[in-house]
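Following the hints, put chains B and C in place on chain A, whose structure we already have.
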Amino acid sequence: MTGGSRPGWFCAAALALALIFLVGPFFVVFIAGFSGEETLVFPPRSLSWRWMAHIFTVESFAASLRTSLVVAVVSTVAALLLGVPAAYVLVRRNFAGKELVRTLLTLPIIVPGIIVGLALLNYMVLVYDMPVTASLLVGHTAMLLPYTVRVVSGSLNNLRLDIEDAAVTLGATRLRAFWLVVVPNIRGGLISAAVLAFITSFNQVPVSLFLTGPGISTLPIEMLAYMETNYDPSIAALSTLMVLFTIIVVAGMERFFGFTRHV
Amino acid sequence: MPVWLLMPSLAFVAAFFVAPVAALLLGAFRLDGVWGFGHFSAFFAEPLNREVYWRTVRLAGLATLAAACIGYPAALAIVRLPARWRGLVTALVILPLMVSPIARTYAWIVLLGRNGLVNSLLVSSGSVQEPVPLLYTEAAVWLGLLQLMLPLMLVSLVSALENLPADVEHAARSLGATPLQAFFKVTLPLTQEGLVLGGTLVFTGCVTAYITPALLGGAKVLMLETLLYQKVNSGGDLPAASVIAVLLLLTTVAVNQLLRRASAARRTRLAPSGAVPKAAT
Amino acid sequence: MSYLRIAGLGVAYAKPRKGAAGNAVDALSLAVPQGQLVSLLGPSGCGKTTTMRAIAGLLAPAAGRIELAGQDITHLPAHKRDIGLVFQSYALFPHLSLFDNVAFGLRLRKMDAAELTRRTLEALTSVGLADYADRLPAQLSGGQQQRVALARALVIRPRLLLLDEPLSNLDARLRVEMRAELRRLQRESGITMLYVTHDQDEALSLSDRIVVMRDGRIEQDDTPAVLYNRPATPFVATFMGFENLFERARLPLAMNLPPAVTHVAWRAQAVAVQAPGHKGLQGTVQSRSYAGDRLEFWVQTAAGALRGVAPADAAPWGEGDAVSLAIDIGRAALIGDDRTIPST
Numbered sequence: 006m007t008g009g010s011r012p013g014w015f016c017a018a019a020l021a022l023a024l025i026f027l028v029g030p031f032f033v034v035f036i037a038g039f040s041g042e043e044t045l046v047f048p049p050r051s052l053s054w055r056w057m058a059h060i061f062t063v064e065s066f067a068a069s070l071r072t073s074l075v076v077a078v079v080s081t082v083a084a085l086l087l088g089v090p091a092a093y094v095l096v097r098r099n100f101a102g103k104e105l106v107r108t109l110l111t112l113p114i115i116v117p118g119i120i121v122g123l124a125l126l127n128y129m130v131l132v133y134d135m136p137v138t139a140s141l142l143v144g145h146t147a148m149l150l151p152y153t154v155r156v157v158s159g160s161l162n163n164l165r166l167d168i169e170d171a172a173v174t175l176g177a178t179r180l181r182a183f184w185l186v187v188v189p190n191i192r193g194g195l196i197s198a199a200v201l202a203f204i205t206s207f208n209q210v211p212v213s214l215f216l217t218g219p220g221i222s223t224l225p226i227e228m229l230a231y232m233e234t235n236y237d238p239s240i241a242a243l244s245t246l247m248v249l250f251t252i253i254v255v256a257g258m259e260r261f262f263g264f265t266r267h268v
Numbered sequence: 463m464p465v466w467l468l469m470p471s472l473a474f475v476a477a478f479f480v481a482p483v484a485a486l487l488l489g490a491f492r493l494d495g496v497w498g499f500g501h502f503s504a505f506f507a508e509p510l511n512r513e514v515y516w517r518t519v520r521l522a523g524l525a526t527l528a529a530a531c532i533g534y535p536a537a538l539a540i541v542r543l544p545a546r547w548r549g550l551v552t553a554l555v556i557l558p559l560m561v562s563p564i565a566r567t568y569a570w571i572v573l574l575g576r577n578g579l580v581n582s583l584l585v586s587s588g589s590v591q592e593p594v595p596l597l598y599t600e601a602a603v604w605l606g607l608l609q610l611m612l613p614l615m616l617v618s619l620v621s622a623l624e625n626l627p628a629d630v631e632h633a634a635r636s637l638g639a640t641p642l643q644a645f646f647k648v649t650l651p652l653t654q655e656g657l658v659l660g661g662t663l664v665f666t667g668c669v670t671a672y673i674t675p676a677l678l679g680g681a682k683v684l685m686l687e688t689l690l691y692q693k694v695n696s697g698g699d700l701p702a703a704s705v706i707a708v709l710l711l712l713t714t715v716a717v718n719q720l721l722r723r724a725s726a727a728r729r730t731r732l733a734p735s736g737a738v739p740k741a742a743t
Numbered sequence: 033m034s035y036l037r038i039a040g041l042g043v044a045y046a047k048p049r050k051g052a053a054g055n056a057v058d059a060l061s062l063a064v065p066q067g068q069l070v071s072l073l074g075p076s077g078c079g080k081t082t083t084m085r086a087i088a089g090l091l092a093p094a095a096g097r098i099e100l101a102g103q104d105i106t107h108l109p110a111h112k113r114d115i116g117l118v119f120q121s122y123a124l125f126p127h128l129s130l131f132d133n134v135a136f137g138l139r140l141r142k143m144d145a146a147e148l149t150r151r152t153l154e155a156l157t158s159v160g161l162a163d164y165a166d167r168l169p170a171q172l173s174g175g176q177q178q179r180v181a182l183a184r185a186l187v188i189r190p191r192l193l194l195l196d197e198p199l200s201n202l203d204a205r206l207r208v209e210m211r212a213e214l215r216r217l218q219r220e221s222g223i224t225m226l227y228v229t230h231d232q233d234e235a236l237s238l239s240d241r242i243v244v245m246r247d248g249r250i251e252q253d254d255t256p257a258v259l260y261n262r263p264a265t266p267f268v269a270t271f272m273g274f275e276n277l278f279e280r281a282r283l284p285l286a287m288n289l290p291p292a293v294t295h296v297a298w299r300a301q302a303v304a305v306q307a308p309g310h311k312g313l314q315g316t317v318q319s320r321s322y323a324g325d326r327l328e329f330w331v332q333t334a335a336g337a338l339r340g341v342a343p344a345d346a347a348p349w350g351e352g353d354a355v356s357l358a359i360d361i362g363r364a365a366l367i368g369d370d371r372t373i374p375s376t
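These protein sequences, in sequence, are chains A, B and C. If you want our numbering, it's the position in the first sequence, counting the first as 1, plus 5. If you want our numbering, it's the position in the second sequence, counting the first as 1, plus 462. If you want our numbering, it's the position in the third sequence, counting the first as 1, plus 32.
Check the hints yourself; a few may be wrong.
FRET-style restraints, in silico, Cβ to Cβ [stated by the list, open to error]:
id, chain 1, residue 1, chain 2, residue 2, range
1, C, Ala-307, B, Ser-636, 48 to 56 angstroms
2, B, Trp-547, A, Pro-48, 23 to 31 angstroms
3, B, Pro-641, A, Thr-234, 38 to 46 angstroms
4, C, Ser-200, B, Arg-546, 40 to 48 angstroms
5, A, Ser-53, B, Leu-642, 30 to 38 angstroms
6, B, Leu-493, A, Val-63, 29 to 37 angstroms
7, B, Ala-481, A, Arg-179, 53 to 61 angstroms
8, A, Arg-179, B, Arg-520, 53 to 61 angstroms
9, B, Arg-722, A, Trp-184, 37 to 45 angstroms
10, B, Trp-547, A, Arg-50, 34 to 42 angstroms
11, A, Gly-220, B, Ala-477, 21 to 29 angstroms
12, A, Arg-179, C, Ser-200, 23 to 31 angstroms
13, C, Asp-325, B, Arg-546, 52 to 60 angstroms
Reference listing, derived: stretches of chain C covered by chain A, where coverage requires no fewer than 3 residues with Cβ under 8 angstroms from a Cβ of chain A [claimed, not checked]:
id, region
14, 114–128
15, 281–292
Think of the hints as simulated: they come from the structure by calculation, not from any bench. Think of the CB as a built atom: it goes at the ideal place given N, C-alpha and C, for glycine as much as any other residue.
Bound conformation, chain A alone (with noise of 0.2 angstroms):
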């Protein structure tokens, strides 16, 4: 794809523009984590590392980092285990019903979250008096079913068939080849759906919006509810922190497993 068709400079200025406007707030929310005022003035007129230490006292944040952490470890987890197998019958069985099955299990995508969450909270907590925490699990699951299909069949895709075939004909059993040469081949594929999943499951806010209340809380919920309250640069002190921990986990994610091949 060589150049010319547009002037070229129109071309670089709009992305020169898109890129700052994009990557300047992660820059801004930096510089505003480490400022030493009470308040958000901006540009501070010190820098001070009291903001970092402060986020590390606050109650709410402390216990709603466990929860988020759980939940994104057990939902994750519950993605995997139902979504792995329903993409290997997807990618390699021809059945009735096939598009429709697979229409169902990325409708979460469509569905606003905040639309399940209200109504996991109406119809599982209040009617069948299901615990929040389940209803949590359950809903943050949900959304991350899409992903987790859509990812391993991607890998599925690129996996020849035959190599299944070739395991049975010397004496595999179908889940025994399934073992021994599918999972070993789409490992990248896997371990990317695990690692969307988590960060989707960890940063998700409207299902988790109606599903949290008093002892159960997820770490962007007590972020938004401090915000309501408070006005110093606590947030933006830990929002850099989840900043650079999510670049270090893509960072690695990529090195290590192609990433980016496979979302």
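Chains B and C in isolation, oriented as in the chain A frame:
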């Protein structure tokens, strides 16, 4: 065998997703045990609700438009980058999608707040006496949405541009087209699917956004999802919330279908030879 | 006594195909004696691969019976059939070394480590790749991968070996070399082999018997010599390379034929192209092509178009020239409803 492997996920989705959501949506159509649109008329009777709905669609549309206008030339620039820079730029575009929307949107609070960057500059330069309220305005929400959704448009367009048959632009130029003509007659029509996909992703993303309107719009600039939250939390008004849920879903599905039809209709007019229209397949 | 016996095999299409009624394989019966190599020969879509996959157990037949060494394996799960399969695309496990690829089947059979190593190295040596035991499949050429696939299937000493167009991805010269290799391996190991191919040269050179298939059914099941000289149907004649095929009513020359004959066929070699005016059919050259030791001609005559040959150094005729054709009646293949028609 397919049945065994699919049962768990299908059962899960049916029981914990389809059933509750369907129940919620259906609830919007039942008034005192009678099926009807009573809740809908009640909802739209209130001026605030109408205003919020219209605002949501409007801001989503404006953000989509801006994303397309900035995104297309930016995508063109990306595909022409030498390989060295391509990887870095792609990472810079995709990375934000992995970062929490709170962190991304928070920057605007820092920039647009009473003591934020913009106000500091305005006050210190003497243009204004007092800090200007920039947050909790429609412009702030629009900016936040645009920033959040731009990567989606970029990714769709870059993918579409990469899938262009090689050398079509060169072919057009060799036949006498100017660069601008080649772009409008060849490149743009051939990448319209990417535009449609990107546009759909951005539009639905904006309509169903929660965090950005919550942080940048607050109670003054309500959007559909923040309105929904308010209705449930402060008002306990489930019927109104159900109505909003239906509206949200309808809007995203409708936009999806409409744009897909428009793209397919145009596509059948472009036969492989590019010139002669053929009957719709 | 047949070692592999198939009776009335029927396999449905996986997806219903527009315009093609019936089954992928229909009422197919054949028998393979132990220690022989039998080829399934036919154009793509004729059902040969489907038949093979049904024998291997990768497809469930809708009808029929499959017996191996007297045991009914029709409904036996694939992994218990002890039938090796060499795939067209080799199907080597990309994440395992050559050694682990070949040892795969042995490991599943819980063979003890020393014996396993010995057998695996022996198999790799027999295909000349023992030095590459630690390499990954991606590091090998097509021909080498092919040999590993073969070793992997042979090392488990299967009762039957199925080969699905194993040489079709190789270039021409390698193909010919590998053919000889395969023949040697088969003779030495004595393993019964069923070989699928669409290449008649391959089938002719490798097989003890050839089964020609078309549209899910068997057209002819015979030795290579019989198939080459006495095709039973027009389809088989064309497929085995008879360039000239005529219906009885439109023969280019008068022949005394038994009533059951419906078609007569000649190879181009049986039609000699000579200077015009000689005894025989008169015609005009449509095109000619050089084939090394001879020239091949397409000639248009009153009776239709014929393909003939002439020695490369004695055929000055070009396009548009008049020539005469001498057809050797003695080398005609008679095709008809009655299979006992003698040649001439």
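Using the Cβ atoms, figure out if Arg-179 (chain A) sits within 23 to 31 angstroms of Ser-200 (chain C).
holds, 27 angstroms
CB of Trp-547 (chain B) to CB of Pro-48 (chain A), is that within 23 to 31 angstroms?
holds, 30 angstroms
Does the Cβ pair Ser-200 (chain C), Arg-546 (chain B) satisfy 40 to 48 angstroms?
holds, 41 angstroms
Given the range 52 to 60 angstroms, decide if the beta-carbon distance of Asp-325 (chain C) to Arg-546 (chain B) lies inside it.
holds, 57 angstroms
Count the residues of the region 281–292 of chain C whose Cβ falls closer than 8 angstroms to any Cβ of chain A, and tell me whether that reaches three.
This one is violated; 0 residues, fewer than the three required, reach chain A with a Cβ under 8 angstroms.
Do the beta carbons of Trp-547 (chain B) and Arg-50 (chain A) sit within 34 to 42 angstroms of each other?
Holds, since Trp-547 (chain B) and Arg-50 (chain A) (Cβ atoms, about 36 angstroms apart) stay within the stated range.
Do the Cβ positions of Ser-53 (chain A) and Leu-642 (chain B) conform to the proposed distance bound of 30 to 38 angstroms?
violated, 54 angstroms
Determine whether the Cβ-Cβ distance between Arg-722 (chain B) and Trp-184 (chain A) falls within the hinted range of 37 to 45 angstroms.
holds, 40 angstroms
Taking the Cβ atom of Pro-641 (chain B) and the Cβ atom of Thr-234 (chain A), is their distance within the range 38 to 46 angstroms?
56 angstroms Cβ-Cβ, so the 38 to 46 angstroms window is violated.
With respect to the beta-carbon atoms only, verify the hint that Arg-179 (chain A) and Arg-520 (chain B) lie 53 to 61 angstroms apart.
holds, 54 angstroms
Please check whether Leu-493 (chain B) and Val-63 (chain A) have a Cβ separation lying inside 29 to 37 angstroms.
violated, 45 angstroms
Claimed coverage, the region 114–128 of chain C by chain A - three or more beta carbons nearer than 8 angstroms:
Held - the region 114–128 of chain C has 11 residues with a Cβ nearer than 8 angstroms to chain A, which meets the minimum of three.
Hints 3, 5, 6, 7 and 15 from the earlier list are contradicted by this structure; the remaining hints agree with it.
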